[in-house]
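Undergrad: As you go down the protein sequences, you meet chains A and B in turn.
My numbering numbers the first residue of the first sequence as 1 and each following residue consecutively.
My numbering numbers the first residue of the second sequence as 202 and each following residue consecutively.
Source of the hints: derived by calculation from the structure; they are not laboratory data.
Be aware that one or more of the hints could be misleading.
[Said to hold, decoys possible] Taking lysine-lysine pairs in the PhoX-like style, the calculated list, with each CA pair at most 25 Å apart, reads:
| no. | chain 1 | residue 1 | chain 2 | residue 2 |
| --- | --- | --- | --- | --- |
| 1 | B | K437 | B | K536 |
| 2 | B | K270 | B | K401 |
| 3 | A | K103 | B | K536 |
| 4 | B | K536 | B | K344 |
| 5 | B | K315 | B | K270 |
| 6 | B | K536 | A | K42 |
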Amino acid sequence: MGDSRDLNPDQLEILRIIPAGSRVLDLGCGDGSLLERLRDEKGCAIQGIDRDQKMVMRCFQRGIPCIMLDLDQGLAHIDDASFDYVILGRTFQQIHRPVRLLKEMLRVGRRALISNLNLGHWRFRTRLALTGRCPESDGELWYATANIHQGSHRDFVDMARREGLPLNACHPLGASLLARQFPSLFAELLVYELGQRKAEA
Amino acid sequence: MIVKPQTYTFGHTSDDALPLRCGRKLGPVSIAYETWGSLNSEASNAILVCHALTGSAHAAGKYHESDKKPGWWDEMIGPGKAFDTDRYFIVCSNVLGSCYGSTGPTSINPATGKAYAMSFPVITVADMVNAQVRLADFLGVKKWLSVVGGSLGGMQALQWAVAYPERVHSCLPIATTARLSPQAIGWDWVGREAILSDPKFLGGEYTKEAPPERGLAVARMLAHITYLSDASMNEKFGRRLQQMSDVNYSFDLNYQVESYLNHQGLSFVGRYDANAYLYITRATDYFDLASEGGGDLTAALAKSRCAFGIISFSSDWLFTPAQSEELVASLLRLKREVFHCDIQSDYGHDAFLLEVETLGSLVRGFLSNQQRSFGNG
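Please put together the full structure from these sequences, using the hints given.
TA: Structure representation (structure tokens):
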């Protein structure tokens, strides 16, 4: 449908994970490209949320259902268990109270899929060790970026345990055996799956 | 674009008359309307544009080349515009109760030979829509590709979606609400009190030559403030004085904002009827979409089958973004796919007439997607 762009690797992974026919909510859905593919290729019922007017307008124009909402305000509009899957793609790090949002995601959906950058990747570790500097994020300097909650793979797993979030699976991205074997060091990007293990209907 | 005002009249017999929510029957009923573009052979490209409180059927184009101003949404409706008249058949009709050609308190009551005035029945948004249904039948439109409107127009669009689900493919409610807040009912009340307490009102039996202009002007000035925002008034007027270098220690108009409101009030008196104003504002007060679902908004919306594209404006404090979000929440509860854009704007409620570029781009995309799915739905 016109200006559909290619998906990111983590979006492709999410597209692969979600079973056909699911009801899917994408938080921070951007221009709705992932939702569009979920609808067209997997027959999913889709709904997007974004806070950026430009993105919401793109969704309107492309026929991707999207509502305008700031995720920091929570998901109070949405009833419990309204969705099978709730997606948070590369947005976790921008949320002021991310744990509250993850709990909200598990309230409105049976499963949550979160893609997140791993700051423990060896390249970031090496850069920090050699230059003494944090990684740039999205080309912004560390004090100017909207990314306020960045952590490593281990940090994420740790958070899930401390906060009692049921971490069901981790999907390290990249085909390399190293990334799958030692994600903490070799996976730059991971998709985390929260929710009850036996939730499939 | 030259457009011709038209009128459709029905309800000459008691059987054909329009049954109203208040229990009375109204007939004959005339509906003034205008159309742009042409209905295709499958009748699948018809869009109903519903106007706001004191609007008319004259949404676009001019009656004569020499007209000073085109219709009220001319920037949105026309060849190549958001409501593309090369693709769509656009209809706009004047609401029941108005003074712009449709039957209202200024119309002659055939039983008495005199204007209805205050003997006109109290009408509702549902009645307005029921009258539009008769017009749709007459025009050969079984199902609208979209019903769209801002403010009171949006209430009509919502009412259509819920009361006539099989006749609405999509609904675009703009800067509107499922029900008026007590604050909005309050403004309407004060406005009507200004009219009713004008000594020239005479129980509604005033003549055309001597209308209750003071009361009507005050009502309009008051209402006009609710259509703007604090930010837009600051921007537009600040505390600037009107053609004087200092305040003059009197109650004459000193400030630009006073002069502006005064002008708005006076020009309104020249173009609108006081009785019609009473009736139309009352219809908005009474509007509560939830009543179509036994008092439950979600139950009401459950009756609808169409896609909803809900548009609000961030600075609208008359029909707030939160009120649009109520609609969104109900639709999500029903597991419907929902479109909602809260356009960032300083123009307040009036933004639906002013933010034409952003609005146009949303409407254009939404309609073309809806046109693709028409017939499947």
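Undergrad: It remains to establish, for every hint, whether it holds in the given structure.
TA: Hint-by-hint comparison with the structure:
no.	hint	in the structure
1	K437/B x K536/B	violated (43 Å)
2	K270/B x K401/B	violated (31 Å)
3	K103/A x K536/B	holds (21 Å)
4	K536/B x K344/B	holds (23 Å)
5	K315/B x K270/B	violated (33 Å)
6	K536/B x K42/A	holds (18 Å)
The structure fails hints 1, 2 and 5 (numbered hints given earlier, in ascending order).
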